[in-house]
Amino acid sequence: MNNSITNTARLLGAGLRALLVLTLVTGVIYPLVVTGIAQGLFTHKANGSEITADGKVVGSSLIGQQGYSLDYFQPRPAGGLGENSVNTQYKLILSGATNRSADNPELVKWVEEAKAKVVKENSTADYKVRPSQVPADAVTSSGSGLDPDISPAYAALQVHRVAERNGLSVAQVEKLVKDHTEGRTLGFMGEPRVNVLELNIALKELVDGS
Amino acid sequence: MGPVLAGVLQLLALIGALALAYVPLGTYMAKVYSSDRHWRVEKWIYRGIGANPDTEMRWPAYVRGVLAFSAVGVLFLYLLQRLQGVLPGSLGFRAIDPDQAFNTAASFVTNTNWQSYYGEQAMGHVVQTAGLAVQNFVSAAVGIAVAVALVRGFAGSRTGELGNFWADLVRGVVRVLVPGALIAAVVLVACGAIQNFSGIHEVGQFMGGSQQWNGGAVASQEAIKELGTNGGGYFNANSAHPFENPTPFSNLFEIFLMLVIPFALTRTFGILVGSVRQGYAILATMGTIWVGFVALMMWTEFAHHGPALQIAGGAMEGKEVRFGVGSSSIFAVSTTLTSTGAVDSFHSSFTGLGGGITMLGMMLGEIAPGGTGSGLYGMLIMAIIAVFIAGLMVGRTPEYLGKKIGTREIKLAACYILITPALVLVLTAAAMALPTPADSMTNSGAHGFSEILYAYTSAANNNGSAFAGLNADTQWFNSTLGLAMLLGRFLPMVFVLALAGSLAEQKPIPATAGTLRTEKPLFTGLLVGAILIITGLTYFPALALGPLAEGLAA
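Protein chains in written order, with the working numbering: chain A, 301 to 510; chain B, 84 to 637.
Bound conformation, chain A alone:
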């Protein structure tokens, strides 16, 4: 009996020592080496791909923002974005999806409302948006709630509104969207996309310059 307790204790001791040594290797040395390489070679990316406009940091090219006025291109809905429920001392930007199922009545309602809103907001005096034109990404929330991109179709839908509200020609804004449309990587990876923040920065520059 005593013998088996001693053996168990010895074994657990070996387990603990193994864990501590491997924690040193994989939990201290490894992340520090990666951080060193990352900060040395890819400083900008390792720190969050921040972008500046007029000398000020205005966000990250990777993180979508909410709250653009209608003068600007609108991002995807972010119905799944979380709230600081655990640590209320912070106002951290949280990520998350709605997790609503395809047959959830609430989601059906959100999608319908979003679609009506997109149609209404983007129809101008001489340009009427049809509901069938509205692409799926314009009316659904992304997985992260922080999707930085919209589809080229959703950007194209917003061109008339943006042009009208900023006193630009449709052709000017169309060119802007085209310049900021990124195709599939190597022609086949992912989907074509337009980065909303980068597009809006360029739009602002165009408006301020003219």
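This list has only true hints and no planted wrong ones.
Using 20 Å as the maximum straight-line C-alpha spacing, the simulated EDC-like pairs for lysine to aspartate or glutamate come out as follows:
no., chain 1, residue 1, chain 2, residue 2
1, B, Lys114, B, Glu125
2, A, Lys417, A, Asp371
3, A, Lys428, A, Glu474
4, A, Lys356, B, Glu285
5, A, Lys391, B, Glu285
Derived by calculation from the structure, the hints in this document are not laboratory data. Note that the coordinates shown come from a computational prediction; the quantities given were computed from them, not determined experimentally.
Chain A is fixed; fit chain B onto it per the hints.
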């Protein structure tokens, strides 16, 4: 080019990349686990542990090593979370509650990485980097070690020896996972994944005001999260978060990482048992199921049945624009056919049938290709069952790789395949029967049931993904899911190692004209059939109540 064609091309590119890595990585791992030389750094580690890496262990000793190391791991990770409030580098985050800390500790030690917490608002640098990410490495290494021990059982002759657990553990970490993760992490940073210790800081916004970010060692954790088929995200949104998975390329790269070791281990297996063709047969089985599931998933997701998705005009709810439907489908299938459970898109918002495919993938036992190590040993158990079924049909004593599958062996294999279904079905039934667990559902009807079925399927099979509408941070779910993860990980391991010991004691019998040729396509077909039929019979009623009811109504 249309999105469907692009999806298919991405699948083909992935297959090409996996094929390129298969031989070198599989051969390398065979050398790692059969070499009798120790690296200098490994010798230091063995000295630290106080273990002799050259001692051969029989199966009880190997089991004791696995259990002792894992028990210490659970306790250590539990304490780290409970003490977070007083640890430095915790960003002011408080201690994790006992039930959630237990759940999370069990989750990461069992390679499940189920998360009932919100990463960015609950875990500081120390818990993430020195706690969770460490288990990402060692739990994966334990999985490979057990798989290698089983393979040694087939390869061994009359000794009963399975190798040395400490040596297998350390080599897995030092020679396979750390170098792989290091390269992968740098690639991910080059794509845009963050890697810093900036903590919580303000960043300006376009329309004025600022955002608060939680910066940390994300890329280093992301790399091992995929390579070790763990799946626990630094952020709540997991691999959908742009800081974890910034580009279409990084998405495919992460899928590659989660598949590369489980597939390549079939070559390691082939080399160690002295016939790479046996490895190809297992590989073909895994590959057939994986490709079949991807095809089904793409079909249902592109068809986007379901009221909300029909109105939206596409299955983009819970998916990112940069990945789209095609790449998200490949990710979803790969993460549930391995034990990863990372998500780049949210399974709860997939079509009804798409959600069912993710569940079925886990219910197969995550063997196509499965988790690091656990995929191989799970598949070899199924191979034993298939050989047994074939033996019954022709009235011969079944044998596999020159070892007789006798009463003891088949009992152990049967115990193995009964554990996870028992855990899943009993706990799901209990949760549905009790009055309060259903309060955690976000969706109602068939999908609400699916949320709970998914949770126990994910936990007992050590996957970790979720129909994340379920509020799992309750004492009931934290406790029962934690238990499901521990029992679903370690009971099967005990049976696998007992089986390995039993095989290792046998003398190999020479193949005769009557021996079932297990390296032939016929056997691959038999194995695929056995897997699908056994899983189908076990889970069909439960699937019919959840995803099938939802999918067929749409």
